[in-house]
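Asks: Chain residues, written in single-letter form:
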Amino acid sequence: MEEEQNVNKNSRRQFLKQGLIAGAGVAAGAGLLTAFVDKSIAETGEKVKVLTTNGEIMEVDKAQLVLPRVTREESHKGIPGRKFVMVIDLGKCKNARKCVEACQRGHHMPKSQEFMKVYLLQDSEKTSPYWFPKPCFHCDNPLCVSVCPVGATFKRSDGIVLIDNERCIGCKFCMTGCPYSTRVFAWKHYKEFDEDKEPYSPEASSPGKEGTVSKCDFCPDLIRVGKIPYCASACPMGVIYFGDVDEDTVTNGVETYQFSELIRDRAGYRYLEVLGTRPCVYYLPPVDRQFPVDRGFNDLAPEIKDRYKETPYVQKNKP
Amino acid sequence: MENEQRSPLREFAPQLERTSIQGYAWIVFLLGVIGVGFYAFLTQVIDGHEVTGMRDNVVWGVYIVNFIFFMGVSYAGALISGTLHLFHTAWRKPIIRMAELITIIALLIGPCFILLCIGRLDKLYYLVIFGRIQSPITWDVIAISTDIFGCLIFLYLTMLRDLAALRDYEILQLPKWRKKLYKVLALGYTGTPEQQFRLNRATNIMAAMVISIAIIVYSVLAWIFSVTLQPGWHSTIFGPYFVIAAVYSGSAVLIIAMWIFRKVYHLENYITQKHFVAVGIIMLVLAAFFGYFTFSDYLTKWYGSEKNDELLIQLLFKEFYWPFIISNYIGVLLPLLVVGIAKFRTITNITLTAIVVVIALWLNRYLIVVPTLQSPYLPIQDSRPEWFHYSATWVEWSLTAAGVAIFCLLFTIASKFIPVVPVSGLVEETKKEDVLI
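These protein sequences, in sequence, are chains A and Y.
Residues in the first sequence are numbered consecutively from 1, following the numbering used here.
Residues in the second sequence are numbered consecutively from 1, following the numbering used here.
Incorrect hints may have been included.
Below, simulated DSBU-like cross-link-like pairs (lysine-lysine); rule was C-alpha separation at most 35 angstroms, straight line [what the hints assert, rightly or not]:
id, chain 1, residue 1, chain 2, residue 2
1, Y, Lys301, A, Lys197
2, Y, Lys123, A, Lys94
3, A, Lys111, A, Lys94
4, A, Lys309, A, Lys98
5, Y, Lys274, Y, Lys301
6, Y, Lys123, A, Lys77
7, A, Lys188, Y, Lys263
8, Y, Lys123, A, Lys209
Derived DEER-like restraints, expressed as beta-carbon distance ranges [as the list claims (entries may be wrong)]:
id, chain 1, residue 1, chain 2, residue 2, range
9, A, Arg289, Y, Phe317, 33 to 43 angstroms
10, Y, Ala342, A, Thr127, 53 to 63 angstroms
11, A, Glu195, Y, Val184, 30 to 40 angstroms
In short, the hints are calculated from the structure, not lab data.
Heads up, the beta-carbon is just placed ideally off N, CA and C, and yes, glycines get one too.
Pulled out of the complex, with its shape left as it was, chain A reads as follows:
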């Protein structure tokens, strides 16, 4: 038992000795792929049948099934026949920050880097403030991709914009090119990078590398095994929906909606449409709030609370 814990500590992922060949439907469109079982992930009870490389049929928990990361070359191609989209319901966000934390853990990032940020926005003095979770918008007209001098950041057929940190030279032009301040830079080698023992893949955005740029990747490594991104599954309020435009479905893991209906009925919009970047992330306006905006300050660490001290809302309500 103790030995097993040690193994967990060392590699986080405990691999079965023999590989598995994942069953159909798990890795949609991927055909036959060698997969592994990760016992460190909590079981969901949903079982799938898979074929081991020894030819035996085995039943494993769906959540624990892990596909090895795709190579750098493969990660340029995109998942065939898909076009991903995210919908964020601003009426439900209370700055619980579970999305931020799950994302940091999932991508082996230090606490000083976030792919997902939560803003406290207020469009004008008389309008109501609201919490605004902001991932990468995976724009269909991405300026970051245009300005990259070496092709380290690229747009895939499934709509995802990724960064290859093996190619990135760290000029940071994409960071100034992005009008949404989405990208982060590794200002030094963070110890969290070393936690990830698997080979680097742009689809996992991990392990990070000093002197290169990274950002929210829509978690294509999770999509390949039928999961939704870390942020979407971690949110206790179900704020973040993830899905496919062509299938016209989005889900937060609990509820599933028809994307076009959701956008039509709830007046979904894209942030700063005027800039012409054509984002793949849609917002539902902050109406029918489930929480007063001040609830977002509850249970925040003082360090996190400090981050909002210069916002007009906090300035105005200073005691």
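Go by the hints and put chain Y onto chain A.
Replies: Same frame as chain A, now just chain Y:
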């Protein structure tokens, strides 16, 4: 005739032959500053870019400011000497070499600052092997390398007559290798009519080339900013604005160089008040243009008061109040007053004005780069409070000082190798002027 041609060279011989104690002290001082810069560079390489003041919002800081600044200074030669050469301005001869040296030295230092900003220097060659033509950085790489070659050729062509004179001036007390070097570099130029004709033609062509390449380089540099959507950068005026600001700073640095070399090498006979006033007037005209462009840029932003432009202007007048006043008010008005009013036009006044202009233009670039990055579309939030405001660290300042020191050092070395005033040209010029009178 031959003796006549050699006479100015005799006067310049001491600066080529030996270095005074003060000269050595100066060189040691510069090496010291460069040493500190080198230590800062090592610190940055070992500890990562975290040792700088740059963070995820302000991703470009003093390094990029210095890059734009030095590239701007390099305009002194490209545009000023190129234009003066093409128009055969009579008074250009004594100062034209300084202008060309400023160009090439600044052009070598400028790009080093952009390298300091690059996260992975080990992969720099990717710019060549994986270069994408869509990226303005690729345009920059092509433009700057073309510019360096163009300016080197131009400088070489204008030095050729002097190199030949140095080769022929046998009583010069120099080590053998240097005499040999002059001989090789002079390419067998003896001043035959055929050679003169060809040299003049080549120089004219290169002067025109250098002017156009320089305009392209600086416009491309401006486009790195203006192709983005950031408030304050996304401006159509940036190309010409950067070009004018660049020539403006070049003219000011030229005046400072003229003053220093006039004092150090006692060139009072060659560089006179006439030259200071002439370059001063160029600086005045450029100040007017620069002021006009600055005004146009900020007027349209302020008048329309789009939300993000308004926030940027608020920031400029709050956090950056004094730099803004110095760069965009004093930096424009001072040359207009000092050079514009005849009785103020002394050598000292013009030089002091030039110093103010250089500082103002450095600040101008700082105000272009930093405040915009501090006021993006999405306000800076959910980020460590100490990341909201940029302030450069000792690493960045040491490397900035090292950049200036390398500039001075290379200039000093160049002046030991070739007279800072083109000697062979002077004689021809004097004769021509005599005929005219």
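Asks: Would you pick out the hints that fail for this structure and give their numbers low to high?
Replies: Hints 1, 2, 5, 7, 11 are the ones this structure does not satisfy, whereas the remaining hints hold.
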